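Since chain A is already given, all that's left is putting chain B on it; use the hints.
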Amino acid sequence: MAGFGGFEMPIQYAGIVSEHEACRGGAVLFDTCHMGEFLIEGAGAVADLEGLVSCTVASLAEGQCRYGMLCNEQGGVIDDLLVYRLGAERFMLVVNAGTQAGDAAWIRSHLGPTTRFTNRSDDTAKVDLQGPQAPQIVQALLGDAIVGLKYYRFVQTIYKGDPVLLSRTGYTGEVGVELYAAPDQAIAFWHEAMAAGAVPAGLGARDTLRLEAGMPLYGHELTTERHASESGFARALAQDKTYIGSTVVQDEAQRRQALIGLTFEGRRAAREGDLICDGHGREVGVVTSGSYGPSVGSAIALGYVDKTLTEVGTPLMVRTARSELSGVVSELPFWKEGTARKRPPSWQENGGDTSSYT
Amino acid sequence: MSMDDRKYAKSHEWAKMDGAVVVVGISDHAQQELGDITFVELPAVGDTVAAGGECGVIESVKAASDLYAPVGGEVVEVNMALEDAPELINQDAFEAGWIMKLKPADVAELDSLMSAEEYDALM
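Those protein sequences? They're chains A and B, same order as listed. Here this note's numbering is used: the first residue of the first sequence is 1, the next is one more, and so on. Here this note's numbering is used: the first residue of the second sequence is 1001, the next is one more, and so on.
Note that these hints are calculated values from the structure, not bench results. Some clues are possibly wrong.
Claimed, not checked - To give a feel for the contact side, a few chain A residues facing chain B, derived at Cβ under 8 Å: (1) VAL17; (2) ARG267; (3) ARG268; (4) SER291; (5) TYR292.
Just so you know, these numbers come straight off a predicted model, no measurement behind them. A virtual CB, placed ideally from N, CA and C, is assigned to each residue, including glycine.
If we strip away everything but chain A, and leave its shape as in the complex, we get (with noise of 0.2 Å):
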């Protein structure tokens, strides 16, 4: 167990590796209860919406999600978050748990005086179902409701006599959802996926899965200290309008370091911190995250470097606290076989397209 963002939460359950292994080849459950759920409501809520988050609000259909950021005013990221429509003039916002505070009191101090913001944070509970059988435990419990469903969209359903919102999302590369449910609701959930095959996963392995997936971890790629145009994540990030922050966000001259991933030769990790440096030795960056991929079969990591060094293929030392360890740019994702984007083979026939990713 270990302390996040106020939370008591476990970092294995079974072990790393083979939780790991079962959300690539099966499906894993996450107890993610601890991120935080805020609604903003009114005839003002895209116009507040669009001025602080950075990616575009008013183009969300209703049941469709969008991953933004919250930047402050000089660019920095002071959380990433998903931005769901819930209906013309009501958002569902979910958040980090360790920046849900300061998120509260940042989203109320920018919306205008006839937009409603409720914090929901400690009555939504939250649960993952995430790996290639993940949607048909899904059907087996909820029904057909999610056939067809495209990845970042969501239905609005009922599960045992209540309601529940159902996201095609998750944090790992591999197709599965998001349930918001009534904390009873979701326990339901809990002890039924498991009884169709489902096993828990804990901290550990959402790391280990999200870093495979080139997925940021506020606190590590994402931080107020650092551009969020420098994150590299192009589809989160308008160019086409104004936000707080999106001066600075929008100005490449601004962006002096940009996100890579890194893939070793070997099995020996780089930790966050570790410095990394050119062929002549300079240090040219510094790594955010780092790990053993357990489905890439070597060690990789997240890391900023100049923006002059991002070409795949590179290749960059990295200095650790014991040894020096050669790695190249790489793609992201390193995992390139996640089936989050494609469409699960129980819904061939009903024609379930998944094409899009907005």
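Relative to the frame of chain A, chain B by itself:
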């Protein structure tokens, strides 16, 4: 429970006499604490190590830890199977997951190590 056919160092290595050599590994308790082991840096055959000296690194998904020689001597063999299968230490810390064999400089150094009972009492 640790096996009582060998001795233990406070730094969680075990040492077992096998003919003229001392076989070295880490305890089952240590592998459990480390979690899934992903990499082992082995010493080179021919290296001379001192009792208590650093002689390798064991990395798990969670962290990296140094390996210390429980007794001094010359490294005469290392477990090459660990290069591709470091998880052998998780699966069988006391047998298949052995790490190195030493020609001991002074067999009496084994006497200063703990018994299984003493080691388990510390955990």
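Do the hints match the structure? See the list:
1. VAL17: holds (4 Å)
2. ARG267: With a minimum Cβ separation of about 4 Å from chain B (threshold 8 Å), the hint on A:ARG267 holds.
3. ARG268: At about 5 Å, which falls below the 8 Å cut-off, the nearest Cβ of chain B leaves the hint on A:ARG268 intact, so it holds.
4. SER291: Constraint on A:SER291 satisfied, holds at 6 Å.
5. TYR292: For A:TYR292, the interface hint holds, since the closest Cβ of chain B sits about 4 Å away, which is under 8 Å.
Going through the hint list in order, the structure satisfies each hint without exception.
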